[in-house]
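Trainee: Single-letter residue listing:
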Amino acid sequence: MEKFKVLYIDDEINNLVGLKASFRLDYDILIAESADGGKEILEHNPDIRIILCDQRMPGKTGIEFFEEIASKHPNPIRMLITGYTDIESVINAINKGHVFRYISKPWESNEIKFAIEEGNKFYLTQSMLTQKNEQLQKAYEELDKFAYSVTHDMRGPIVSVLGAIELTKSAETLKDVQEIMDMMEKSVQRVEEFMRNMHYYYSLKRGELEIGEINFEELILELKDLFTPNANQSNVLFDIILDQKEFLRSDIVPIKIILNNLISNAIKYQRMDNDTKFVRLEISITKGNATFTVSDNGIGIDDAYLNDIFKMFFRATSENTGSGFGLYNVKDAVRKLNGDIQVKSKRGEGSEFKVTIPSK
Amino acid sequence: MSADKIHFVVIDDSKLDCFIAEKVIQNTGRCESVRSFMMAADALEFLGKQPFDDEHRIMILVDIQMPIMNGFEFIESFEAIVPEDRRRNYIINLLSSSINESDMIRAKAYQSVRTFLNKPLTKSSIEDFLVKI
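For the protein sequence lines, the chains are A and B, in the order given. Numbering of the first sequence is given in our numbering, commencing with residue 1 and proceeding in unit increments. Numbering of the second sequence is given in our numbering, commencing with residue 361 and proceeding in unit increments.
No wet-lab data here; the hints were simulated from the structure. Ideal placement from N, C-alpha and C gives every residue a C-beta, glycine not left out. Careful, some of the hints might be misleading.
Estimated spans, in silico, between C-beta atoms of each pair [stated by the list, open to error]:
id, chain 1, residue 1, chain 2, residue 2, range
1, A, Asp182, B, Phe406, 25 to 31 Å
2, A, Leu226, B, Asp445, 55 to 61 Å
3, A, Ala139, B, Lys365, 51 to 57 Å
4, B, Gly408, A, Ser71, 54 to 60 Å
5, B, Glu405, A, Leu174, 34 to 40 Å
6, A, Leu136, B, Ala401, 38 to 44 Å
7, B, Ala440, A, Thr125, 50 to 56 Å
Please model the entire structure based on the sequences and the hints provided.
Mentor: See the structure below:
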């Protein structure tokens with residue numbers, strides 16, 4: 001186990017040296033001859049876990065020192081070393097919560113060691129609690145956002161379909177019904193897409209990476225199978241170019257999430273009036289990195305929205321049926337693979353997403 | 361023109377929901393005209409060109425959750441553009457598919473918002489409301 005940092009403050013140099021000598025193998029002991037010296041060390045060592053401080057020092061008592069640092073350095077566990085004569089003030093300090101425990105003078109090695117070990121356990125529990133609390137807070141916030149979006153993104157399209165079904169009951173011709181059915185289909189597709197993305201989202205959140213050699217030929221075949229019918233239907237020329245100079249070790253699942261989202265976005269957000277619509281994926285593997293470039297000549301993204309597109313549930317356009325989930329998942333997947341994503345885009349001209357993934 | 365006929369403006373990013381609203385509105389018998397917009401900014405532009413006339417009543421149905429400019433932002437822009445003494449010709453209703461309480465509370469805070477209607481819009485839900493005005 002790695003040695004953790006213990007700060008010891010005492011105006012008697014012999015005590016400092018003695019303690020340091022006794023525990024140099026067990027802990028990383030930092031020493032100071034005064035409260036001010038101790039403060040200085042604290043500033044530079046925020047990872048100090050335990051502070052031992054003598055109560056009787058010229059200028060400042062140990063308790064005063066602990067009170068002073070409490071707000072700025074709340075994390076280290078504080079222990080007071082003192083003679084019995086100071087017992088009143090010590091009890092006070094312990095009750096106020098400034099001090100974890102006190103050690104009576106003259107101290108014995110065993111006692112100190114036991115106190116440090118106990119303090120360390122307390123420190124670890126506390127920092128774990130803080131960490132868990134932060135995670136929980138974040139999870140709650142996401143859940144809130146999620147619950148709000150679920151009512152819109154999932155309930156919304158279903159409610160629309162219900163309304164449409166109601167309408168078909170009074171529709172007069174088959175053509176009217178067909179028109180309504182086409183729109184219903186889009187609504188249902190939207191729910192379906194939302195749920196698929198939600199599945200991606202949770203598989204990214206929960207899953208551990210499974211690193212293996214990526215078979216790019218297979219990946220390309222799969223992507224072509226998946227997207228060519230869709231692209232043909234929308235009159236989009238879909239092309240994949242591979243330039244593989246070496247092998248890549250990574251996890252295929254996040255890579256698929258990234259590419260599926262980027263390609264389906266590129267196919268989806270095209271300009272209707274464009275006669276030469278294209279979507280191109282270029283993959284190059286060289287110097288320990290894979291670079292995936294997805295480019296299109298579609299509607300592009302306004303400069304004003306470029307910073308927001310990776311946020312959860314953000315949608316920059318009312319054209320088409322976005323879930324506001326896709327690029328968030330892309331960013332999450334890129335982060336999970338320690339990669340990087342860059343976007344260049346111009347409204348009305350097209351977009352280019354460049355993802356770089358390092359080999360593991 | 362009969363005074364109880366109303367001009368309707370529907371603002372919703374879902375094409376299907378616009379379609380449903382148009383059909384339902386046309387079936388009420390109170391519809392003088394109906395226009396739908398998938399983007400709130402386009403609707404604002406349209407509204408800016410409408411005549412101010414006590415005979416020309418406009419009912420706006422606007423969805424809350426839309427990208428770029430949502431329903432609340434639309435109301436804010438509307439209130440900024442249309443002076444208070446001219447708002448009596450407008451009846452603004454917010455539409456939502458969410459059953460979100462904070463949205464309803466927020467909706468009440470806008471002076472120009474008349475009511476909050478749940479989706480899907482049905483003939484009966486809009487008729488119930490129309491008899492009151």
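Trainee: Decide, hint by hint, whether the structure agrees.
Mentor: Hint check results:
At about 26 Å, the beta-carbon gap between Asp182/A and Phe406/B stays in the expected band of 25 to 31 Å. In this structure, Leu226/A and Asp445/B meet the distance hint of 55 to 61 Å, their C-beta atoms being roughly 58 Å apart. At about 53 Å, the beta-carbon gap between Ala139/A and Lys365/B stays in the expected band of 51 to 57 Å. A C-beta distance of roughly 56 Å is found between Gly408/B and Ser71/A, which places it inside the suggested range of 54 to 60 Å.
At about 37 Å, the beta-carbon gap between Glu405/B and Leu174/A stays in the expected band of 34 to 40 Å. At roughly 40 Å, the beta-carbon separation of Leu136/A and Ala401/B lies within the given 38 to 44 Å, and the hint holds. At roughly 54 Å, the beta carbons of Ala440/B and Thr125/A sit within the given window of 50 to 56 Å.
Of the numbered hints given earlier, the model fails none.
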